[in-house]
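Trainee: Below, each chain spelled out in residue letters.
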Amino acid sequence: MNFMRRCGRLTSPDTPPPRYTATNVIVGAVGLGARVMASAALGATAAARAVAQPAGAVIRGGLATPPGQAVQAETQALLETLDAAGRRDITRARAEIDRAVDSAIDRFTTDAISSERTSRVLERTLESDDLWRIVDRIANSPEVLDAIASATVGLTGVVADEARRRTVTADEFAERIARRILRRAPREPRPLVLDPVSEEIGPPQP
Amino acid sequence: MTGALPVREGSDPREPARRPAAAGVQGSDPNAFAGIVSRGCALALDVLIVQASLFAVGAVIALIAEAFGEVSIDVSAFEVALGAIVWIFVFDVYLIGFWWLAGQTPGMRLLGVAVTTTEGAKVTPKRGIVRLVGMVLAAIPLFAGYLPILYNEERQGFHDKLARTVVRYRKPTRKKRA
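First to last, the protein sequences are chains Z and F. Going by our numbering, the first residue of the first sequence is number 731, and it counts up by one from there. Going by our numbering, the first residue of the second sequence is number 16, and it counts up by one from there.
Here chain F stands alone, though its shape is the one from the complex (with noise of 0.2 angstroms):
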């Protein structure tokens, strides 16, 4: 079990043990579920993740098509919609992926936040799919769908809900080096 805690000798094991403060959430319980903004700036940490990437990797597209021949900066809508097409698509690629493979994104780890299934284990591919739609359908009414992480007691929005996920503080973990 993630982050459950040995019960001492000695202890009435009926009585809850006395939780360590998680490292760099001082007097936060390690297991308690993870508020919006937490969850909000580990959000908008992955977008400017991605961002910051594509930016990356299209200056490198227009240098390498300089070379060959002459680059206009004029685009057409077409252009535009195909841009955000591949900005979406790697943006999904990115957050399921993650989810999957790490049980969180760069920007939830910096934050010290992980998405789990309600059962406690990794988010698979197919519920990955599931909660990025319930994102987009929990966005479209003015983000409505994200206030039930307010005061849910599991602080579940409706993307969690659907997907069967929560998202959780979790204790970093830094390697000690040799």
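If we strip away everything but chain Z, and leave its shape as in the complex, we get (with noise of 0.2 angstroms):
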């Protein structure tokens, strides 16, 4: 407004005429310019949108087609096929190193034992007396002889639980069957007493 006013475009019957100074004409040119430029932009978006709409529009169709979409069928296989294969050459190049590496263990373990220097040290090891010093050492301590001997004894002792377990079980089955045979009522729990001695009680005594 100011610059129109400036220009000397809107005038009223009251307003004074405008003077046509150099600041005045520059000012209003410079703005004419930006409104341009302006113009010009919206003007080149709108074209821009106007080119893009039916391009996508024609890339979809394209797509739509039962030629793009065998294009699409293909490109989408072709990924497929170069992930398959990046999974198998991972897991190939793992199977590859796996026996790289087992290979390896196994001629350093095999020319380790079948070296000289090996059985060199192996026959000096056997031969020294304090390598047996250390086996009777190990064998007659106190620690290990305890564990045997409580191993050999805590089997013995499962076993015989079990076996006890078993004939009192036989006993009981063996008893029921001779009792039904010759038609005698089942035993009965045996009543105990207080033995008036010792103030325990126990099965009674004759």
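Since the hints were derived computationally from the structure, they do not count as laboratory data. We treat Cβ as the ideally placed atom computed from N, Cα and C, and that holds for glycine. You may find that some hints are simply not true.
Unchecked claim - Cβ pair distances, simulated, as ranges:
{"#": "1", "chain 1": "F", "residue 1": "76", "chain 2": "Z", "residue 2": "903", "range": "35 to 45 angstroms"}
{"#": "2", "chain 1": "F", "residue 1": "97", "chain 2": "Z", "residue 2": "903", "range": "39 to 49 angstroms"}
{"#": "3", "chain 1": "Z", "residue 1": "876", "chain 2": "F", "residue 2": "62", "range": "31 to 41 angstroms"}
{"#": "4", "chain 1": "F", "residue 1": "140", "chain 2": "Z", "residue 2": "886", "range": "27 to 37 angstroms"}
{"#": "5", "chain 1": "Z", "residue 1": "874", "chain 2": "F", "residue 2": "91", "range": "43 to 53 angstroms"}
{"#": "6", "chain 1": "Z", "residue 1": "852", "chain 2": "F", "residue 2": "94", "range": "52 to 62 angstroms"}
{"#": "7", "chain 1": "Z", "residue 1": "852", "chain 2": "F", "residue 2": "105", "range": "47 to 57 angstroms"}
{"#": "8", "chain 1": "Z", "residue 1": "851", "chain 2": "F", "residue 2": "121", "range": "42 to 52 angstroms"}
{"#": "9", "chain 1": "Z", "residue 1": "903", "chain 2": "F", "residue 2": "59", "range": "15 to 25 angstroms"}
Grab the two chains, each in its own frame, and use the hints to assemble them into the complex.
Mentor: Take a look at the structure:
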């Protein structure tokens, strides 16, 4: 508005006529240029939109057609093939690495065992008295002997307990059968009496 | 009294106390009389032990004898009879000795049974001999003398009645290691 006024377009009968100074002319020219540029930008955007929309429609329409779908499927298949090949390569690489490591360890172990140096060391160790002293020491150590003894006793105890449990069951079973054959009443639990001397409960004494 | 249980304070002494299960004989009365299967198995184990021992001794004697001369494996009837007499003698000594000294043979110990007199005392050698004779007599009529163990209230066979002994389950005692 100020610009217009400065340019002398908007004039009213009350307002005094504009003065055409150099400043007013320059400001008015710059404003006009800006307006022209803004209009050009707006126009370009509209034009781009107008071109892009039909182009997108064309591409979408193209993909929707049977050849487009075929191209899409081909692309998908190609991508999947590439992906699978990558995975296969990783698996194969791992297997190769494992095989190589195993082979290296085997070779190393075989070489180490069969080497003359190892044989010499082994022979020297077996011939040394120190080794047999250590073996004797371990074999006769109370801890080892205790462990062996307790393991043996423990196993024997478990076997004996199981044998006892089973024979007691067999005793009762055999007695039940015999009493049924002889038509006798089943065994009743024996009454327990108080021992007046020891103040203990136990089976009746004859 | 062997295997007797103490009365808990505050409990009625007329009521029977709850008995703990014997170690290794779950749910059984530790003072109960032992049945025919336990006793039979124990006797079989004792026979095996004596047989193995005599076999080992015989092998050692044969080795020593072989060092001094030839040993023939053909034995006469007299030698067989002699071997049988030795076997029976050793077995008798073994049984009576263990009944008297420990109240149970190794086989009986393994199966958790022990023999005492009806009064609860240890079996003396004299009573042991009577019991042994009773065992032989009980075996003569097709082992019929052992059948009373199956239905008798105190599970006594003919030999037990004769020697006035009973066989009870005994709670095994294990010494704790230091």
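Trainee: Determine for every hint whether it applies to the structure shown.
Mentor: Hints and how they fare:
1. 76(F) with 903(Z): 35 to 45 angstroms: holds (44 angstroms)
2. 97(F) with 903(Z): 39 to 49 angstroms: Once the Cβ atoms are compared, 42 angstroms apart, the range 39 to 49 angstroms for residue 903(Z) and residue 97(F) holds.
3. 876(Z) with 62(F): 31 to 41 angstroms: holds (33 angstroms)
4. 140(F) with 886(Z): 27 to 37 angstroms: At 30 angstroms between Cβs, range holds.
5. 874(Z) with 91(F): 43 to 53 angstroms: holds (51 angstroms)
6. 852(Z) with 94(F): 52 to 62 angstroms: holds (55 angstroms)
7. 852(Z) with 105(F): 47 to 57 angstroms: Holds, since residue 852(Z) and residue 105(F) (Cβ atoms, about 52 angstroms apart) stay within the stated range.
8. 851(Z) with 121(F): 42 to 52 angstroms: Check passed, 51 angstroms falls within 42 to 52 angstroms.
9. 903(Z) with 59(F): 15 to 25 angstroms: For residue 903(Z) and residue 59(F) the Cβ distance comes to about 18 angstroms; the hint holds.
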